[in-house]
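Trainee: The lines below spell out each chain.
There are 4 protein chains.
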Amino acid sequence: MDKTDISTLLGEKGIYIMNHAVLLMHCADNKGIIENITQFISQHEGDIIELDQYTDRVNKHFFMRVKWNMDSFTIPKENIRASFQQSVVGVKDIHWKIYFCDQPKRVALFVTKLSHCLYDILQRFQSKEWDIEIPLIISNHEKLRYIAEQFDIPYHVFPITKENKLAQEAKELLLLKEHNIDFLVLARYMQVLTDDFIAHYPSRIINIHHSSLPAFPGAKPYHSAHKRGVKIIGATSHYVTAELDAGPIIAQDVCRITHTDSVSDLIRKGRNLEKTVLSEAIWQKLQHKILTYGNKTIVFQ
Amino acid sequence: MDKTDISTLLGEKGIYIMNHAVLLMHCADNKGIIENITQFISQHEGDIIELDQYTDRVNKHFFMRVKWNMDSFTIPKENIRASFQQSVVGVKDIHWKIYFCDQPKRVALFVTKLSHCLYDILQRFQSKEWDIEIPLIISNHEKLRYIAEQFDIPYHVFPITKENKLAQEAKELLLLKEHNIDFLVLARYMQVLTDDFIAHYPSRIINIHHSSLPAFPGAKPYHSAHKRGVKIIGATSHYVTAELDAGPIIAQDVCRITHTDSVSDLIRKGRNLEKTVLSEAIWQKLQHKILTYGNKTIVFQ
Amino acid sequence: MDKTDISTLLGEKGIYIMNHAVLLMHCADNKGIIENITQFISQHEGDIIELDQYTDRVNKHFFMRVKWNMDSFTIPKENIRASFQQSVVGVKDIHWKIYFCDQPKRVALFVTKLSHCLYDILQRFQSKEWDIEIPLIISNHEKLRYIAEQFDIPYHVFPITKENKLAQEAKELLLLKEHNIDFLVLARYMQVLTDDFIAHYPSRIINIHHSSLPAFPGAKPYHSAHKRGVKIIGATSHYVTAELDAGPIIAQDVCRITHTDSVSDLIRKGRNLEKTVLSEAIWQKLQHKILTYGNKTIVFQ
Amino acid sequence: MDKTDISTLLGEKGIYIMNHAVLLMHCADNKGIIENITQFISQHEGDIIELDQYTDRVNKHFFMRVKWNMDSFTIPKENIRASFQQSVVGVKDIHWKIYFCDQPKRVALFVTKLSHCLYDILQRFQSKEWDIEIPLIISNHEKLRYIAEQFDIPYHVFPITKENKLAQEAKELLLLKEHNIDFLVLARYMQVLTDDFIAHYPSRIINIHHSSLPAFPGAKPYHSAHKRGVKIIGATSHYVTAELDAGPIIAQDVCRITHTDSVSDLIRKGRNLEKTVLSEAIWQKLQHKILTYGNKTIVFQ
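Protein chains in written order, with this note's numbering: chain A, 1 to 301; chain B, 1 to 301; chain C, 1 to 301; chain D, 1 to 301.
One chain only, chain A, in its complex shape:
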């Protein structure tokens, strides 16, 4: 009985570290590609646990995610990537990555002054809903240090000015590399990152923006929503790219408002969305379910 079963039967829950591998790939549409890859796995005694594929019929492009159990897999872990490369010889322009699920992901959190997303993430971390490591929290303010201390996580403050931004980011990058960080989460981090910084973590920086993008990008979206008189507000989690609030969207959610809701009410109601949507995006990322293509995401089932 594997761990998934145990967790289901006992009513426990969360992401468990398991001896699984995940392939994320895309390529031009190609008759036989599913057979080709499933054959590679089953011939080496891998047991496919999840497979989801999608074909973009307009652009003739194929996308797939496969997860398999490695317990009986006959190829040693260190050779799998080379073997897989062999198996897809001749598939044109194939892009692929293989991830192993036997180590917890290492996540860095970036915050400024608002605590709701931070607590939401830390609660999931502490209760083992997510089996991750959080080696550090980075902020441009001292304000939330007490929360880092509540959870015994190192808290590094890098105040940002126009003049020192590049230098501070260089220090942050050093720290992130040092801690071998898998991906970054901007949990209401109120600073724009430079293109150079972002380039170090392509599709590996998750932001939460407090509007239904593409409506109301930039600063003070709840004020803009209130002014426009919308009846529904939202939150959007996306990968950070060079253009502000314009990266590939991972998750969105909304809630209804009425004319009686002041800007303060929008801010209050929106916080519920921000927490849920950011955590949804992190959850998908932890399961290697997100593929970016152009400026869009494929979020596998």
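Bear in mind the hints are in silico, worked out from the structure with no lab data behind them.
Treat the hints with care, as some may be off.
As the list claims (entries may be wrong) - With a straight-line cut-off of 27 angstroms between C-alpha atoms, the simulated DSS-like cross-links for lysine-lysine are: (1) Lys-289(A) <-> Lys-31(C); (2) Lys-113(B) <-> Lys-128(C); (3) Lys-97(D) <-> Lys-31(B); (4) Lys-177(B) <-> Lys-113(B); (5) Lys-60(A) <-> Lys-227(B); (6) Lys-269(D) <-> Lys-113(D); (7) Lys-128(B) <-> Lys-113(C); (8) Lys-60(D) <-> Lys-269(C); (9) Lys-97(D) <-> Lys-128(A); (10) Lys-269(B) <-> Lys-97(D); (11) Lys-289(A) <-> Lys-128(A).
With chain A held as given, fit chains B, C and D onto it using these hints.
Mentor: Showing chains B, C and D alone in chain A's frame:
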């Protein structure tokens, strides 16, 4: 036992024509204004059925809707407006209207080629969910004439070109005045109305736009939503104003989509939203629940 | 360029009759089963268009849906089922069906007195959102005959009493067989079908129930919801089985209500849900995306 | 400029302690009752900030909530209740309460082993989203003591067995009275309270149940939902009454699930709902917006 009770008890449903009056008003915030107005009604033996008020604390502005039963009201209908004016003497900058609910509203529908909103409205009309009259349907195309014929409603076609637009609108206006139309519904009418036309029906032309405004105004919003890779699409019902898709929002709704949804899927899923949201706006209008203020709506409970 | 592309590019939409085949299958979990089946298709020059699989890890059971293009398929249509049987020799307890998408499905509608679901379906039918045939409408009342006449569809009335139910159902079954009906839709049909009748169409009778099942099964669910004071109401589409309102759930949706909503308001708001949820279930059925297992459905992506 | 304005303009948010009073009342429908009460307030120089009323047309019953600013109110606080009683002399069977908003509410939290609702509440408390006091946390387990310590709140453990339940509840009641608790929040407290305990806090114990009541009351609702194959799960916040999970519903929310969601996934997704719905109910309670009538709630706008 009044008609509302009967409809509730017998499981029937719909808007019934009743001997009610509705006051919609707004003015600068004013201590005692609620007392002032409720006194006017109760002193003349009106029985208040619904009262909803809202104060914008930032702009110090007060809004109210009151509905009362006229059965024992001691002021004759034709004198009520004058009497009310007396009762609020001294209230600065008050804007108000009184509506009587003893006549079905007369609604004109505008359509082009898509039938889903039209059938949705006609079904509600025919089943008496809405006790309205639809004296005519106006279109810029012949395509949906058969539907008008199914329901035995006059169908007038005014093909629009850049050259003839003003002349055609003049004919439409004549027809609308002739039929004593209370308000217009653009049920996926694919023509931009001129400012002059709109000025004849301020806050009396309801449009349905197939996106979550302010995202994706203008043409082909589903194509834009697909291109941006959003995870939620929407529809918005609003009053038509001179600026395209920028009028006061009345109602909105959304649904989730995924990367697997093509533009066709968005169009298909969006139609469900368009029908529901447009009908929701019409329903609020029929009950005199919508007040516009600036470029926003107050939609009373 | 195939029809899907055309419809996407031109902004047309709907289900088109195409030269596709769909396999729906389930069996005990089985290493290599995906490879086995995708090999069968690609070796005979089938081009896989959609593949979705799911493994129930607790019960060790595997489910899959595959759709492929038959244009270059080397096995003649009449031999495909036999060939497939060969290809899965040795897979224990496999249940499977292959459907061909080159003929419109033939759907029978059952109604009583409420027109909203009926119009909603007929609008989708007439606008070619769904490429189906509706050879007949069956009712236990005369009331909606005029709608059948509007759309020129034969309307058969079978009044039902306790005494004549079996005899009437026998006549209905005869008619359904005669018209070679693929599946039945109960569009607010207010009669309970006998177990014997249901047995003729297992997983082929779709009902809409006006509550969030399992809450409020049986009669007058909106009255019960109002009495209980719920803040959310719903609608549920499910396959009809011998136990009333207890069959496998296909689709559900909900909307918010408040204390101000009377039973009539619930009925009115609920109609929107009923239309959307029933049509969602029909749409999934038309695409062969629903598999029943135990008393549950797998609704493939 | 009052505090509300400041908070709106500066983008701050939360419940502020203010010199306001709130009247919650209900009585048989009564021509002139609104005038009667608004007159009482405005004649004594109270400035009405919010007024919401509702008439149950079937049962001829009237409900109202009024909030007014006390800054210039001419009746001393200690005499208001007596004065109000005078003003409604002759109104039959009137039930009413007046609350003052110049003191933070004192809330007791009850928990067992799950931390998500507890952290969610404590984050709102600590960030001043809610201006409340939490004098103590009560649990039947030691497990969450570390969280109480993180936030420096006294944590009292009362292990419950069938034998000691009455005795333990007596001790809990003593503690609650001692701390002058306004209302209790069961934040996933996994013990059934006795009728006697509940009777001490009528409409003052808020529970969160992890299903869309009335579906799946009692233990393990996510397991039951999974077994039934529903496509939507929910959470319900309600007042605790003698009958388990059958008290007046305050707030509900739902989310979609699919066949791919295991019981663990339901538990994980449901936690988001539980947090949001419980906090929504607490928020309404803090604003004195909830009136119970029969087994239902009126939640004013």
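Trainee: If a hint holds in the structure, say so; if it does not, say that too.
Mentor: Quick rundown of the hints versus the structure:
no.	hint	result
1	Lys-289(A) <-> Lys-31(C)	22 angstroms, holds
2	Lys-113(B) <-> Lys-128(C)	13 angstroms, holds
3	Lys-97(D) <-> Lys-31(B)	23 angstroms, holds
4	Lys-177(B) <-> Lys-113(B)	25 angstroms, holds
5	Lys-60(A) <-> Lys-227(B)	16 angstroms, holds
6	Lys-269(D) <-> Lys-113(D)	18 angstroms, holds
7	Lys-128(B) <-> Lys-113(C)	13 angstroms, holds
8	Lys-60(D) <-> Lys-269(C)	23 angstroms, holds
9	Lys-97(D) <-> Lys-128(A)	45 angstroms, violated
10	Lys-269(B) <-> Lys-97(D)	48 angstroms, violated
11	Lys-289(A) <-> Lys-128(A)	20 angstroms, holds
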